[in-house]
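A.B. asks: Here are the chains, one letter per residue:
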Amino acid sequence: KAGVTQTPRYLIKTRGQQVTLSCSPISGHRSVSWYQQTPGQGLQFLFEYFSETQRNKGNFPGRFSGRQFSNSRSEMNVSTLELGDSALYLCASTPRGVTGRTGELFFGEGSRLTVL
Amino acid sequence: SQQGEEDPQALSIQEGENATMNCSYKTSINNLQWYRQNSGRGLVHLILIRSNEREKHSGRLRVTLDTSKKSSSLLITASRAADTASYFCATDDKLIFGTGTRLQVFP
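Chains as they are written, first to last, in this note's numbering: chain A, 1 to 116; chain B, 1 to 107.
Think of the hints as simulated: they come from the structure by calculation, not from any bench. Glycine is no exception: its CB is placed at the ideal position from the N, C-alpha and C atoms. One thing to keep in mind: the hints can contain errors.
Here are the simulated lysine-lysine pairs, DSSO-like style, with alpha carbons at most 30 angstroms apart [unchecked claim]:
(1) A:K13 - B:K56
(2) B:K56 - B:K69
(3) B:K70 - B:K56
(4) B:K56 - B:K26
(5) A:K13 - B:K26
(6) A:K57 - B:K26
(7) B:K70 - B:K26
Listed below are several chain B residues computed to face chain A (Cβ distance under 10 angstroms; list not exhaustive) [what the hints assert, rightly or not]:
(8) P8
(9) N31
(10) H45
(11) R80
(12) A82
(13) T84
(14) I96
(15) F106
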């Protein structure tokens, strides 16, 4: 079974631009979560999607958005990039059932965004 | 603020020694998980302990959970250079992670 795939792995943008990151979960996994990791703030939860619906959201500004498609693939978008958005963005999937119980998360290798 | 907070922030030991790292959390949980992250890579799940369990083993890993103190500890026995990584705890509430413990194991 293929793992969680994130694209692109590396990208460089300039302030004010926008970026879209993609995440393909493990086949059969319906929940996808996104995290931002920076040296100063550690690993912070952005949002979680389940069956195309945002189920949980972290404390990030509205510039950060996401969506999930019917095949469970997910994208996140950051608009009007700021220098502080430079980070490793991690996606994780889980075969989370309708009961909402959280089990093991399976992470991708991340997309490293540098904002100049 | 983060739900899971790891302690210490950094730990350096020699191969063969044991490494212990701790995690504290704020609210009631159903389970707590530990993950490992090699530099710049994705996280890998190590072990999950449920709120009704006090101790769990997996190979060289031993995890304890004290719900009265809202804390957990991860013990890695007979450490190896390959154990060098950052270790994170995460609770089931939105899977909020802490800043991690950076473990360096010297050969």
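A.B. asks: Next step is simple, just say for each hint if it's right about the structure.
C.D. replies: Cross-check of the supplied hints:
no.: 1; hint: A:K13 - B:K56; verdict: violated (45 angstroms)
no.: 2; hint: B:K56 - B:K69; verdict: holds (17 angstroms)
no.: 3; hint: B:K70 - B:K56; verdict: holds (16 angstroms)
no.: 4; hint: B:K56 - B:K26; verdict: holds (21 angstroms)
no.: 5; hint: A:K13 - B:K26; verdict: violated (37 angstroms)
no.: 6; hint: A:K57 - B:K26; verdict: holds (19 angstroms)
no.: 7; hint: B:K70 - B:K26; verdict: holds (7 angstroms)
no.: 8; hint: P8; verdict: violated (14 angstroms)
no.: 9; hint: N31; verdict: holds (7 angstroms)
no.: 10; hint: H45; verdict: holds (4 angstroms)
no.: 11; hint: R80; verdict: violated (22 angstroms)
no.: 12; hint: A82; verdict: violated (18 angstroms)
no.: 13; hint: T84; verdict: violated (17 angstroms)
no.: 14; hint: I96; verdict: holds (5 angstroms)
no.: 15; hint: F106; verdict: violated (23 angstroms)
Figure legend: structure checked against the earlier numbered hints; hints not met, in rising order: 1, 5, 8, 11, 12, 13 and 15.
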